[in-house]
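Novice: Here is how the chains run, residue by residue.
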Amino acid sequence: QMSAKSQICSIWLGSETGILKGVSLTKKQAFNFCEMSCLSRDQEVCVMAWGDPHESEVLVGSVNGTVKTFSTDKGIFTATRECGDPSQGRFTGLAVTDSSMITCVESGLLKVWKEGSTETVEINVGNGICRMQQNPSQRHRVATGGKENPLKVWDLERPDKPIFTAKNVAHDWLDMRVPVWVRDIGFIPDSDKIVTCTGHHQVRVYDPSTPQRRPVLEARFGEYPLTALSLPASQGTVVVGNTHGELAILDLRKGLVRGCLKGLAGAVRGLQCHPSLPLVASCGLDRFLRVHSLEDRSLQHKVYLKSRLNCVLLSSRDLEVSGSSVSDRASF
Amino acid sequence: MDSNEAEGEETEKKSESGPCFPPTFSVSEIKNKQRRHSMFLKLKEEKRKQKLELKKKKKKERKALGDKAPPKEVPKTIENQRIYDETTVNPEDEEVAFDEGTDEFSAYFNRLTNPKVLITTSDRPRGRTVRFCEQLATVIPHAHVYYRRGLALKRVIPQCVSRGFTYLMVINEDRKVPNGLVLCHLPDGPTAHFKVSNVRLRKEMKRRGKDPTEHVPEVILNNFTTRLGHSIGRMFAALFPHDPQFVGRQVATFHNQRDFIFFRFHRYIFKNEKKVGIQELGPRFTLKLRSLQKGTFDSKFGEYEWVHKRHEMDSSRRKFHL
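From first to last, the protein sequence lines stand for chains A and B.
Residue 195 in UniProt numbering sits at position 195 of the first sequence, with consecutive numbering throughout.
Residue 103 in UniProt numbering sits at position 103 of the second sequence, with consecutive numbering throughout.
No wet-lab data here; the hints were simulated from the structure.
Some hints could be false.
Using 16 Å as the maximum straight-line C-alpha spacing, the simulated EDC-like pairs for lysine to aspartate or glutamate come out as follows [said to hold, decoys possible]:
{"id": "1", "chain 1": "A", "residue 1": "K262", "chain 2": "B", "residue 2": "D314"}
{"id": "2", "chain 1": "B", "residue 1": "K154", "chain 2": "B", "residue 2": "D188"}
{"id": "3", "chain 1": "A", "residue 1": "K111", "chain 2": "A", "residue 2": "D85"}
{"id": "4", "chain 1": "B", "residue 1": "K288", "chain 2": "B", "residue 2": "D314"}
{"id": "5", "chain 1": "A", "residue 1": "K302", "chain 2": "B", "residue 2": "D188"}
{"id": "6", "chain 1": "A", "residue 1": "K111", "chain 2": "A", "residue 2": "D155"}
{"id": "7", "chain 1": "A", "residue 1": "K111", "chain 2": "A", "residue 2": "E82"}
{"id": "8", "chain 1": "B", "residue 1": "K300", "chain 2": "A", "residue 2": "E223"}
{"id": "9", "chain 1": "A", "residue 1": "K28", "chain 2": "B", "residue 2": "E86"}
{"id": "10", "chain 1": "A", "residue 1": "K302", "chain 2": "B", "residue 2": "E312"}
{"id": "11", "chain 1": "A", "residue 1": "K262", "chain 2": "B", "residue 2": "E312"}
{"id": "12", "chain 1": "A", "residue 1": "K302", "chain 2": "B", "residue 2": "E86"}
{"id": "13", "chain 1": "B", "residue 1": "K319", "chain 2": "B", "residue 2": "E79"}
Far from chain A, by Cβ distances over 10 Å, these chain B residues were calculated [what the hints assert, rightly or not]:
{"id": "14", "residue": "M39"}
{"id": "15", "residue": "E61"}
{"id": "16", "residue": "N80"}
{"id": "17", "residue": "V96"}
{"id": "18", "residue": "T102"}
{"id": "19", "residue": "R148"}
{"id": "20", "residue": "A152"}
{"id": "21", "residue": "K154"}
{"id": "22", "residue": "M169"}
{"id": "23", "residue": "L201"}
{"id": "24", "residue": "H242"}
{"id": "25", "residue": "I269"}
{"id": "26", "residue": "V276"}
{"id": "27", "residue": "K300"}
For each label pair, taking beta carbons as the anchor points, the in silico distance ranges come out as [claimed, not checked]:
{"id": "28", "chain 1": "B", "residue 1": "R175", "chain 2": "A", "residue 2": "S276", "range": "51 to 59 Å"}
{"id": "29", "chain 1": "B", "residue 1": "S315", "chain 2": "A", "residue 2": "I8", "range": "31 to 39 Å"}
{"id": "30", "chain 1": "B", "residue 1": "E86", "chain 2": "A", "residue 2": "F77", "range": "24 to 32 Å"}
{"id": "31", "chain 1": "B", "residue 1": "Y147", "chain 2": "A", "residue 2": "N124", "range": "42 to 50 Å"}
{"id": "32", "chain 1": "A", "residue 1": "K262", "chain 2": "B", "residue 2": "R126", "range": "33 to 41 Å"}
{"id": "33", "chain 1": "A", "residue 1": "G116", "chain 2": "B", "residue 2": "E86", "range": "28 to 36 Å"}
{"id": "34", "chain 1": "B", "residue 1": "E214", "chain 2": "A", "residue 2": "F77", "range": "27 to 35 Å"}
{"id": "35", "chain 1": "A", "residue 1": "D296", "chain 2": "B", "residue 2": "K57", "range": "50 to 58 Å"}
Every residue, glycine too, gets a C-beta built ideally from N, C-alpha and C.
Work the whole structure out from these sequences, hints included.
Specialist: See below:
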């Protein structure tokens with residue numbers, strides 16, 4: 001019955017206890033996919049990614065350096081792979097290209113693992129990495145950034161030098177250097193531009209096709225570090241979340257706040273917009289999964305999932321939004 | 001002509017029975033304040049009389065029915081009407097049990113560490129706060145009070161960790177009165193920020209007993225039902241050493257009601273098997289949780305597990321979070 005349960009799940013979440021959770025909004029149910037007997041804190045999920053374009057496999061990266069493959073059709077973990085050890089830090093990014101898997105850890109070691117062979121291509125992207133993200137349209141390009149580590153875009157076919165390194169903004173009004181802390185990266189579809197959100201509550205847009213290495217647009221939101229970012233299907237906006245649980249939709253044309261999404265009480269750890277519908281799923285330290293609608297900023301679904309959540313993955317299938325939060329008949 | 005005559009008759013009839021008001025009349029329509037006030041008092045008096053009559057009637061009926069009377073209705077209170085919180089912890093839940101078994105307090109609950117508390121205040125404390133800190137140090141075993149000297153908490157914390165402290169308690173003072181509490185679990189544990197109100201020192205307590213002794217008190221945690229409540233309850237529990245010394249007959253109570261946590265410290269004595277006498281000693285104060293932050297104190301860059309947002313969370317009078 002695990003396969004039946006996993007086939008109806010449209011949202012996948014990774015938690016701090018190491019459990020992979022699947023949520024089906026249509027049936028209003030959540031399932032845990034793990035073995036209760038062998039839970040441990042070092043299996044805490046750090047990153048999740050789709051294993052293939054058909055979204056039939058989920059790759060789950062844990063703190064102890066293993067990447068597990070979960071099949072959504074069969075409902076079980078099909079493979080485990082050792083991709084590093086905890087001494088280099090946690091996983092900060094996981095991506096898949098045609099025949100290989102890309103992992104990046106906090107110490108800056110970016111590795112490309114080829115399918116079927118043990119040889120790896122290694123790139124050192126600098127220390128203190130917070131995020132590594134893959135360009136969904138040009139899958140051999142990845143961007144990395146972190147604490148005092150500016151945004152760099154790497155081409156995996158030419159791994160010796162980054163294609164684009166961002167330059168820090170000019171000194172502020174006190175003539176002091178502005179600190180750099182890139183927390184999350186997003187690639188704007190149909191263009192070369194990259195959006196980043198920083199721990200100093202700034203949202204910046206970079207354009208590698210122009211000779212200007214400084215940000216093209218800078219916007220500020222709130223007073224707390226922004227931890228997650230996601231780009232909705234409609235162009236021109238970005239959704240960001242900060243450590244206080246404030247979610248905001250920012251306009252990328254002028255850099256203004258379009259509106260805030262209410263309801264979260266804890267830090268936002270994972271944020272993802274649906275590829276086609278105007279919905280955004282958010283998860284965080286308050287142990288809830290919330291799905292908001294981007295048009296009227298109302299809460300569509302709220303699901304209590306007993307552990308702190310680290311990452312969220314939305315599948316592209318229709319979620320069949322019912323328009324009201326979870327009813328009493330939910331069984332979690 | 002007919003209608004005029006009819007009206008004339010009606011007005012005559014009306015004037016005979018005394019001043020009558022049109023049916024859609026309310027007391028607030030009278031413009032004269034004194035008359036309006038007297039009308040209102042009369043109205044209230046009538047209502048009260050009616051209520052008493054109703055009560056008497058019901059009592060009579062109940063007495064008349066005797067055994068066959070329907071059971072007494074339970075009055076609605078805010079605690080009765082509390083909206084069911086979906087994060088309420090189920091004792092048999094494995095996932096929550098695992099989460100609690102491996103969280104930051106697991107070292108204390110597995111008896112690997114003993115609590116050692118450092119109590120300090122905001123800079124330059126005055127009168128009440130100083131005395132409050134001293135009294136707290138007598139109530140909590142292994143607690144040490146240190147003067148703040150304007151030091152930054154982020155620098156104090158590594159020093160505390162190296163000296164083996166497990167808790168850092170900072171009492172914030174405003175205008176000579178304590179009003180905030182930051183409780184930070186030390187190795188890398190959560191930091192809770194509370195609003196403190198209604199602080200009563202030992203001198204102000206009526207019918208109190210002698211000063212608390214050095215015996216380890218028992219701890220009572222009441223009504224921490226939700227997941228957040230569990231975390232806060234465990235935080236309070238880890239302040240005190242594991243094995244209470246029943247010889248001392250002292251008990252510290254953290255009672256949660258409507259998201260306010262009431263702290264009381266008593267000494268009890270069993271007069272016989274069914275009767276207990278209690279004496280309140282020690283300070284008494286109320287806490288309200290403002291935020292729970294994961295990691296040690298870092299209010300700017302830390303990640304918050306729960307933040308109190310007044311406009312979103314306090315909109316319903318029947319919804320509580322602890």
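Novice: Do the beta carbons of Y147 (chain B) and N124 (chain A) sit within 42 to 50 Å of each other?
Specialist: 48 Å, holds
Novice: Checking one constraint from the list: CA of K28 (chain A) to CA of E86 (chain B), max 16 Å. Satisfied?
Specialist: 14 Å, holds
Novice: For I269 (chain B), is the shortest beta carbon distance to chain A beyond 10 Å?
Specialist: 42 Å, holds
Novice: Since A152 (chain B) was said not to touch the interface, does its Cβ keep a gap of more than 10 Å from each Cβ of chain A?
Specialist: It holds; A152 (chain B) is separated from chain A by about 18 Å at its closest Cβ, greater than 10 Å.
Novice: Is the Cβ of K300 (chain B) farther than 10 Å from every Cβ of chain A?
Specialist: K300 (chain B) is in fact no farther than 10 Å from some Cβ atom of chain A, at 7 Å.
Novice: So if I understand the rule, the pair passes when the alpha-carbon distance is 16 Å or less; does K302 (chain A) with E312 (chain B) pass?
Specialist: 15 Å, holds
Novice: A range of 51 to 59 Å was offered for this pair. Does it hold for the Cβ distance of R175 (chain B) and S276 (chain A)?
Specialist: 57 Å, holds
Novice: Closest CB-CB distance from K154 (chain B) to chain A, is it above 10 Å?
Specialist: Holds: least Cβ distance 16 Å, greater than 10 Å.
Novice: Does K111 (chain A) pair with D85 (chain A) here, judged by a C-alpha cut-off of 16 Å?
Specialist: With Cα atoms ~13 Å apart, K111 (chain A) and D85 (chain A) stay inside 16 Å; holds.
Novice: Using Cβ atoms and 10 Å as the threshold, tell me whether V96 (chain B) really stays out of contact range of chain A.
Specialist: 5 Å, violated
Novice: Going straight from one Cα to the other, do K262 (chain A) and D314 (chain B) come out at no more than 16 Å?
Specialist: Distance of about 14 Å is within 16 Å: holds.
Novice: Decide if the proposed pair is consistent with the structure: K111 (chain A) and E82 (chain A), CA atoms, cutoff 16 Å inclusive.
Specialist: 12 Å, holds
Of the numbered hints listed earlier, those contradicted by the structure are 5, 17, 18, 27, 33, 34.
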